[in-house]
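Chains as they are written, first to last, in numbering that gives the first Met the number 0: chain A, 0 to 315; chain B, 0 to 279.
Source of the hints: derived by calculation from the structure; they are not laboratory data.
Now the in silico label distances, taken between C-beta atoms and shown as ranges: (1) Ala110/A <-> Lys275/B: 30 to 36 Å; (2) Pro73/A <-> Met19/B: 28 to 34 Å; (3) Ala147/B <-> Asp123/A: 52 to 58 Å; (4) Ala126/A <-> Gln113/B: 28 to 34 Å; (5) Asp149/A <-> Gln253/B: 50 to 56 Å; (6) Arg68/A <-> Glu156/B: 56 to 62 Å; (7) Gly66/A <-> Glu250/B: 53 to 59 Å; (8) Val131/B <-> Arg68/A: 40 to 46 Å; (9) Val201/B <-> Arg68/A: 41 to 47 Å; (10) Gly91/A <-> Asp149/B: 44 to 50 Å.
On a predicted model such as this, the values are computed, not experimentally measured, just so you know.
The beta-carbon is built from N, C-alpha and C at its ideal position, and this holds for glycine as well.
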Amino acid sequence: MPDGAVIEFSNITKTFGGVTAVNDLSFTVEPGRVTGFLGPNGAGKTTTLRMLLGLVAPSSGSATIGGIRYRDLPRPLQTVGAALEAASFHPGRTARNHLAVYAVAAGLPAARIDAVLHTVGLSDHGAQRVGGYSLGMRQRLGLAFTLLGDPGVLVLDEPINGLDPEGIKWIRGFLRAMADEGRTVLVSSHLLSEVQQSVDDVIIIAAGALVHRGTLASLETEAAPRILVDSPDRQALATALGQAGIEFFTGRSGLLAAAPDTALIGHIAFLASVEVSALHRERRGLEEAFLALVNGGAPTNGIDSPSANADKGESR
Amino acid sequence: MTSFSRAIGAEFAKIGTTRMWWILAAVMFGYIALLAGGLSALFAGIESGVISPDAAGSGSQGLPAFGSLPPLIYSFASSIGYVFPVLLGALATTGEFRHQTLTPTFLANPRRGQVLGAKTIALFVVGALLGVVALLASVGVGALVISAFDLDPLLGEGATWALIGRTVLAMAVWSAIGVGLGVLVPSQVASIVIVLAFTQFVEPLLRFASLFTEVTQGIGNYLPGAASDALVGASFFTIAAPGGTAGAMLEWWQGGLVLLAYAVAATVIGYAVSWKRDVT
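Take the sequences, apply the hints, and build the full model.
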């Protein structure tokens, strides 16, 4: 059974020309868990993953797998399996031959080719030229390449893009199974909803910088609380809240107040003798919390200062 | 197996699993066979008196002794065929950029210099095989036609076999030059245009023009096609040259070294220009 290894990014930065794509990013990814790497398109996810894989040279900082840079891994495909967004196939090559080229390069037995084609459900299409593949089949072939060396670390860039519902269900089970076997699984996506059923941890970046990291549940609990309150006399309620110094805005079904709990708002209404018709804590969905974070929302308490773990990665 | 020998194996697998190599080999064979067959029939016909010199036109007296006909015809393998190994090398290299297969390639072996070295070695060998195919066309068809006119195809001569061996070497180096060009100009379309324009038009023109003065002739000898002809030892050019200046060519080993220098320079510069860049 392959062992998962810790992925570690230490103050990694990449500038293209004058544009900073990734800015001083530091985080670790643990084995045995599925970690979602989230952020809107253009946030720097792919660049970060490509730096991890030695395809893009960081401007500063480092990315390591089990403490070793990708370029220094003695057996890269047997250590890390990666599926990147770009369809990297010669259209005239069959799927089997595509995999055979890299099996030869990595010194893997030919039996692995049939094994991974079977795993991703392409056994019947191995002799077909990749040029005739559908997007979903290409995604599966990308995954087959990922699994070729039976690696302990999996890095998947937007693996759910282009999959049909059956494929999505399959990959969710697949990610879970990989993590349960003790592998490290890092999956990027621009949609939280796409991966929220499979991930244990989330790392969220926006504009090349870390905005949140923690467990999936931490996203919800750490989102700023809001209280929905309504009254037959909204004007009076608004006046009362304003006088009490509570920030609020008017929503469709009442006033949304920035307050820690319902009791405070109820008390304010009671003192002002305003009748209350609705009063409850509004549960913000994960997606909403995610969007708030990536749309320039203030970093929540869940974020560690990047300098807090800078001491870990600099020893090389 | 070391990672380098595995890398060479992977490069051979890349060439063998696409159709490009045999398409180029087939087109090359037909092209050379046609020219070698046609021209040896014409010249051998004149030589043997089957075709009267008058019928062949007034240019016939410009051709030197017909005793050199077989090597001239045999050298078509490289003097005309060299564009095919260059194309194969350039396509094999630019294809990695075009189809974004650099990503899996560098994931499987992140030592990029090693990968480029492996590609050069693999294409050198495949280029040599293309050389053999080209010789099957030029020597095979040429000798057959020459014999048919009761002339000596010179296949018993050591010099002929030395020419054949050096042709294989020239074609192998041309394929490596193609790899160098591919990393120097990673755009596949641009690479193909450069190969075709340079080999079919620019260089022949430069070589011909350079023959008119002694100074430019010295420079012209260092053009890759001229160096290749020097390595092989015979060329349509040197015979068609004004004033028959064939003696001014480089020595065969000098030509070989010049050709090799082109391959090394293009590859080393190309490595810095494109190969070690970020793969995005």
